[in-house]
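If you follow the hints, you should be able to join the two separate chains into one complex; please do so.
Residue numbers (my numbering), protein chains in the order written: chain A, 202 to 551; chain H, 37 to 279.
Hints in this document: simulated from the structure, not taken from any laboratory. Wrong hints could be hidden among the right ones.
Calculated lysine-lysine pairs in the DSS-like style (CA-CA distance at most 25 Å, straight line) [stated by the list, open to error]:
| id | chain 1 | residue 1 | chain 2 | residue 2 |
| --- | --- | --- | --- | --- |
| 1 | A | K424 | A | K526 |
| 2 | A | K355 | H | K158 |
| 3 | A | K257 | H | K158 |
| 4 | H | K178 | H | K236 |
| 5 | H | K231 | H | K126 |
| 6 | H | K178 | H | K126 |
| 7 | H | K261 | H | K236 |
| 8 | H | K103 | H | K56 |
| 9 | A | K373 | H | K158 |
Not close to chain H: a few residues of chain A, all C-beta gaps over 10 Å, as computed [unchecked claim]:
| id | residue |
| --- | --- |
| 10 | K257 |
| 11 | V369 |
| 12 | A385 |
| 13 | L490 |
On the chain A side, residues computed to face chain H include the following (Cβ under 8 Å) [stated by the list, open to error]:
| id | residue |
| --- | --- |
| 14 | S328 |
| 15 | N329 |
| 16 | L331 |
| 17 | E332 |
| 18 | T333 |
| 19 | L349 |
| 20 | F370 |
| 21 | P374 |
| 22 | D376 |
| 23 | S377 |
| 24 | L381 |
| 25 | K382 |
| 26 | L511 |
| 27 | T513 |
By construction, the Cβ of each residue, glycine as well, lies at the ideal position given by its N, Cα and C atoms.
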Amino acid sequence: MRQRIPTVLLALGLAALLAAGCQSEAEVAPETVPGSVLPANFPAPVYDLNQNPPTKQGFELGRTLFYDPRLSRDGTISCGSCHQQFAAFSHAGHGLSHGIDELLGTRNAPALQNLRWQRNFLWDGGSNHLETMPIAPLTDAVEMDETLENVVRKLNADASYAQRFAVVFNTKPIDSYQLLKALAQFTAALTSANSRYDHYARHESGGTMSAGELRGLRLLTQKCTPCHGTELFTDNSYRNNGLDRAFAADSGRARITQLPADRGKFKVPSLRNVARTAPYMHDGRFQTLEQVLDHYDHGVQPSATIDPQLQTGTTLGIPLSSQEKTDLLAFLQTLTDEQFLTDKRLSEKP
Amino acid sequence: MSFSFSNCKKDAAAEPQVGKLAIEMDHVVGNSSLVLNAATPNYTTPSGDRFSVSTLRYYISNIRLRKEDGSEYIQPESYYLVDATRPDSKVLTLENVPTGDYTGITFTIGVDAARNTAGAQKGALAPSDMFWSWNTGYIFLKLEGKSPEADNGAFTYHIGGFEGANNAIRTVSPAFPTGTTLLIRTDHAPEMHMKVDVMKILTGPTEVRFATFSTAHMPGASAVKLANNYAAGMFRVDHIHAN
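Looking at chain H on its own, in the form it has when it is part of the complex (with noise of 0.2 Å):
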């Protein structure tokens, strides 16, 4: 009997050690809560613009974790569907993460150009109303809202696009703050708490006002200006709780 346990936690040993790490995203516009569908606008843009947010979908993938000394951790199979009216896939969990102790973050908004062109795909990449089928591609980010500024009331922004000029694919790497270190452990379960700013889509490079700029639904210019506001800071590390 002993002598079969003392087998096993060799092989044990053997193996790399792994933790678990939750990436929780919280959605806020400026400095408040994310609260969808309001019956009055709820939000105001720098311009003065009121809108209300109905729709907020958005792709997370290929999530990578670094060390102080510059290696990586590249997460394998990485894509996520986050959606603000399903509270389940706000929390992003990677299993099996070497144990470390790791400074920063870099993830992909939006889906890579290999599995835009790969075909049938399973999982959060399997066709949804996040695929356009007439450009086939990936619908990296939905905003849809209401807004008096725009044409006919409402918004609608709908960012992909992975060729050329008309490329939306934007990679970042929001970083810890200061002094904050992501221990991953066998025994801690550590939770990052993503902030993540809907109002840094209508602003940023270009600032979005509804009167002149309220739809985009395919790619192109329109989505390229969006996605490089939202590549400017809507995601920001708010704090790493090591449980």
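Only chain A is shown next, with the shape it has when bound in the complex (with noise of 0.2 Å):
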């Protein structure tokens, strides 16, 4: 059984040793909240945990708070209904999630890892923080159709909250600003970076690739990027990716924009753990991996906002051979971090 982390733990303990001259790799403390640690082939995260320092306390509140349904308003979703850990908390199989009262949803509930890195969130970008992100499906009226005050008051209502909150934030009472901190503990310990990909990437054992993933990972790199570029798989930037041809039914990040400009451009998602992360696109419309790689084969739609990675002349998509679309789900699949999906750190019933 290999150890969880051992490059990072490594470095560290490294970094430590230069650093005091006089200690170990063994007295390096282990990791007590997940995440906290960066992947040594990560870029630097945008949220910056000095801005919410996390304790072991503050990260199981905030767990608790995640997958607790009383912050909906009839008591019925929690965070974690529309994101379930073993689908990298993405809602598995639900192309648009369904919400308090059997309400649907507009957009695919999107996977929950790695949001150190975003500097905005949701579809459309726009929530610009980790802290204040969870307000907008809290109060979402067919999400969790609830006010921050009334939490706040369920919360204070509860002695094993208002315990715990007193122990994470020294004072009283139970206030949003320490509801938020204490989500955003464990939302930003939300890490994955431990596929098969992340070993042969930092040259840890177990990362050992076959001839075709390291194909597709070739084909990845010359076909995919700069979209799902970088360590992170996404670029974070919002494009139009030619599902269709008019956005009435949803103009993307031109919502937020409101320019022209940004007519059907959503947010490029990660493609870590994407085996686990069905149904796919913003609305869910594609239930598998082959679809989406048909979809860029020949489905592109063209509009007067395509993504220019997408049109080479007058032709659209990004040809795929039979070869090569083989080659790149192989690849796709190293991609998936059960460790991540598994850790018990992160479940409901720890």
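Now the structure itself:
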């Protein structure tokens, strides 16, 4: 059984050794809050943990809140309802998620992973901070339909929460600031960086890739970047990937910027754990990754804002042979991070 | 005893001298006082549109006081949410203002860009119904009411936006009445009385006609027009009590 994060721990140990000159690797404390050690192959995060230093109690409080349906108006929907760990915190099998009163949302619930590296959230980038992000689903009429004021009232009426919040924040009563900071301790911890690909990228044991998978990686680098670039496998930009010719149902990024140039653009999702986050696209229209590749190969629709990466002269899309599709699909499987998907510390019943 | 007392005096003298200022918001509509929720329209715009007001809420932030020599006192953590229905919110109390003779005031109507992007906030900035979650940022000013001229009989203006062309943050420096100086002293608590004229939201560079312009619900061109309106004279220093 391999260690959870051998390289980062080793790096940390070496750094400590260099800094202190007298500390051995074995003396480095184990990671008590998941995700608080940066993966060696990742870029610098946007959300600095110094603005909300995680503690074990704070993280666990955030986890309890994440899975607590009392955060919704009628106590039926939790954050975890639409963000399931085994599906990389996306909503397995749901094109559109159902919220309160069985109401349907308008977009596909995105995977929650590596959120510390995102500058903006939601498919249209309308949310600008990890800490205020939960207010959107909490107050949305078809998601949790609750107010922050009411949630805080419910939490204060619960002796267990009152006690746990007091331990973490050292002040009473519970307010929305504490609620948002505690939730952020959990969501900031959702780091997925231990797929087989990561072990390969960090030259760790367990990082063996087949010839087909390596061909897939090369293809991805040639044909799918910059959109799915960097070790996060997204450039976090907004792009029109040719799903439709018109955008009456959902203007995407233009809903926020009101710029015609942004019509039909949606946030480029990460490919990490993509084999587990079906269905795909902002409205969950594709059930399988084969359908997604077929879309890029021959399904791309023209429009005024089509991404330049998907148009060469008058040719639309990214031509892919059947062998190329096979290789790409093989590579995408290597981005599945079983440790993240099964880490008890992140689960509803740890 | 006398020895320790003189020590105290000495320590106190080393501290900067500070005083207190109260800024009172007096809500009016043109020449009338603001009376909320009138059963029939109690105000009329210059173009003849009749209306009543049910909601007036706005943020005042980053208050700065200026002395004649141009030096400024910048109030730290300076965020206030004024609500016409809450009398206590209409008095902005500034503690620990350095003593001196001040001749000017500057403040922001709304919330600065930094706090619009800084995550969870406390106090006046705690997210409330003055905060958009789907397009993160503060609503700087809300004005809602009724008008027979409006399509569905009502108008709702929610003004915010802090980026690019949609930036609705406005900073104003309403002049003191001629010859008036604000004297901050350790033993005085002066009161500045501000006339806050709702009619200015509807007039100014763009005169609002309810029939064609009855909503603003997001950052954008409509919000910017209304912000330009209220930046052009909604706040006026009426008088200052030295007390």
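Quiz item: In ascending order, which of the hints set out earlier in this document are inconsistent with the structure?
Solution: 12, 20, 21, 26 and 27
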